[in-house]
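Visitor: Below are the chains, spelled out letter by letter.
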Amino acid sequence: MSFEVDVILRRGEADVAVCFSGTAGITALFGRSGAGKTSVLDMLAGLVRPDKGRIVVSGQVLFDSALGINQPPEARGCGYVFQDHRLFPHLSVESNLLYGWRRARPDQRWITLEETCAFLGIGHLLARRPRHLSGGEAQRVAIARALMAGARFLVMDEPLSSLDAARREEIMGLIERIRDDLRLPILYVSHDRAEVERLASMVVQVG
Amino acid sequence: MLTPEEWGIVALSLKVSAVSILGVAPLAFACAWALARGRFFGRVLLDALVHLPLVLPPVVTGWLLLLAFGAQGFAGRWLGELGITLMFRWTGAALACAVMAFPLMVRSMRLSIEAVDRRLESAARTLGAGPWRVFFSITLPLAMPGVLAGLVLGFARSLGEFGATITFVSNIPGETQTLPLAIYAALQMPGSEDAVTRLALLSVALSLGALVVSEALARRMGRGHVL
Chain L
41 MSFEVDVILR
51 RGEADVAVCF
61 SGTAGITALF
71 GRSGAGKTSV
81 LDMLAGLVRP
91 DKGRIVVSGQ
101 VLFDSALGIN
111 QPPEARGCGY
121 VFQDHRLFPH
131 LSVESNLLYG
141 WRRARPDQRW
151 ITLEETCAFL
161 GIGHLLARRP
171 RHLSGGEAQR
181 VAIARALMAG
191 ARFLVMDEPL
201 SSLDAARREE
211 IMGLIERIRD
221 DLRLPILYVS
231 HDRAEVERLA
241 SMVVQVG
Chain B
170 MLTPEEWGIV
180 ALSLKVSAVS
190 ILGVAPLAFA
200 CAWALARGRF
210 FGRVLLDALV
220 HLPLVLPPVV
230 TGWLLLLAFG
240 AQGFAGRWLG
250 ELGITLMFRW
260 TGAALACAVM
270 AFPLMVRSMR
280 LSIEAVDRRL
290 ESAARTLGAG
300 PWRVFFSITL
310 PLAMPGVLAG
320 LVLGFARSLG
330 EFGATITFVS
340 NIPGETQTLP
350 LAIYAALQMP
360 GSEDAVTRLA
370 LLSVALSLGA
380 LVVSEALARR
390 MGRGHVL
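Chains as they are written, first to last, in my numbering: chain L, 41 to 247; chain B, 170 to 396.
Derived from the structure by calculation, the hints contain no laboratory data. Keep in mind that a hint or two might mislead.
Stated by the list, open to error - Per label pair, the in silico range of CB-to-CB distance:
| no. | chain 1 | residue 1 | chain 2 | residue 2 | range |
| --- | --- | --- | --- | --- | --- |
| 1 | L | GLU154 | B | TRP301 | 27 to 33 Å |
| 2 | B | PRO195 | L | GLY175 | 28 to 34 Å |
| 3 | L | SER73 | B | VAL381 | 53 to 59 Å |
| 4 | L | ALA64 | B | TRP301 | 17 to 23 Å |
To be verified - Every beta carbon over 10 Å from chain B, so not counted as near; a handful from chain L, in silico:
| no. | residue |
| --- | --- |
| 5 | LEU87 |
| 6 | ASP124 |
| 7 | ARG126 |
| 8 | CYS157 |
| 9 | ARG185 |
For glycine and all other residues, C-beta sits at the position ideal for the given N, C-alpha and C.
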């Protein structure tokens, strides 16, 4: 289970160029804001097309400019946890959770709604609308939604940045359990050194 | 309160407006989508064309419809071969209403499409939904209040359509005489002040009702409500 990323994205004045091979556990992308960390996640998820390079996750080629391979986002099995959680405002929490699950093939699903709720402690939120969730609750639901879509790996974009200290601690514990219990490879973006040191088994400097 | 003829006028007006709006809605949505999301050559021209009926004198729009859909017009001849004629028919009144209401519908729909957060669409893609699924499960439901508001606004506009209708299909009681045309005809006749008042009040009530519904729908936009 690993990342092999070697991509170049031309972006105005400063190009984003990263090259790394991640091992199991959490690989952190670390660097000042504006260095293009989120662009790297977008390239892994298929939301932004690199100008050149190759992305392989756990042996599956997601992008290869030389071979002309560019898997669409819906085929990548990438669980994206956004900084701004991006829950669908017109759907209940339960429908948000089931959104990806319903679209996944049965053999891609590896966690049920009950298991997800128990794991993340969100069972009591199912009937609510996203606008009635606190920041910490919304982030837990966003993580749950990514897991339930049958994600084979997670990319997380500063998932703690909008939370207070107590919630931060709580979500960090959760991410450690995803790493250790569920054994999902995680690519993690942050500009907080303490966060990165605690979570990551490997750090990639961007910019 | 109303005479049977006046009820007939109301029924005709509602029929003409409903048919015109429902008929033209798909085209209005497609135009709104192209203007909101499209990046193509001629976009500015399309934008101007769509808005043309809003600024042209209605009588000119009616005259252009006559040129196009009259017996000698290019569209009129083509429809004539199919056995369809719009001249002096209620269907022609519906066409005139559709053209006049088109810009308002496109504007409202376009705003609601532009207001949809595209980051939600990319989130849906990462969750396994292809472009069409994203459209039907995310974009359309989120834009729906604005789309419906556009329909209601277009409906209200077409209930009040006068200039293009009377120019294109004339003022024929029972066939093309909608509410505003009936008010105009009554005004020409001495001693029909009561009829004018009744029809005018009815017209105000219908338009006001449609505007209230449209405004209520527009307010739901962006708050994550879905009907």
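Visitor: Evaluate each hint against the coordinates.
Guide: Verification of the hints:
1. GLU154(L) x TRP301(B): 27 to 33 Å: This hint holds: roughly 31 Å between Cβ atoms.
2. PRO195(B) x GLY175(L): 28 to 34 Å: Violated, at about 41 Å.
3. SER73(L) x VAL381(B): 53 to 59 Å: Roughly 47 Å apart at Cβ, these two residues miss the hinted range, so it is violated.
4. ALA64(L) x TRP301(B): 17 to 23 Å: Given a distance of about 36 Å, which is not inside 17 to 23 Å, the answer is violated.
5. LEU87: The claim is violated: LEU87(L) sits with its nearest Cβ about 5 Å from chain B, within 10 Å.
6. ASP124: violated (7 Å)
7. ARG126: Per Cβ check, ARG126(L) is inside 10 Å of chain B; nearest 4 Å; violated.
8. CYS157: CYS157(L) is indeed farther than 10 Å from all Cβ atoms of chain B, at 18 Å.
9. ARG185: violated (7 Å)
Violated hints, in rising order: 2, 3, 4, 5, 6, 7 and 9; the structure is consistent with all others.
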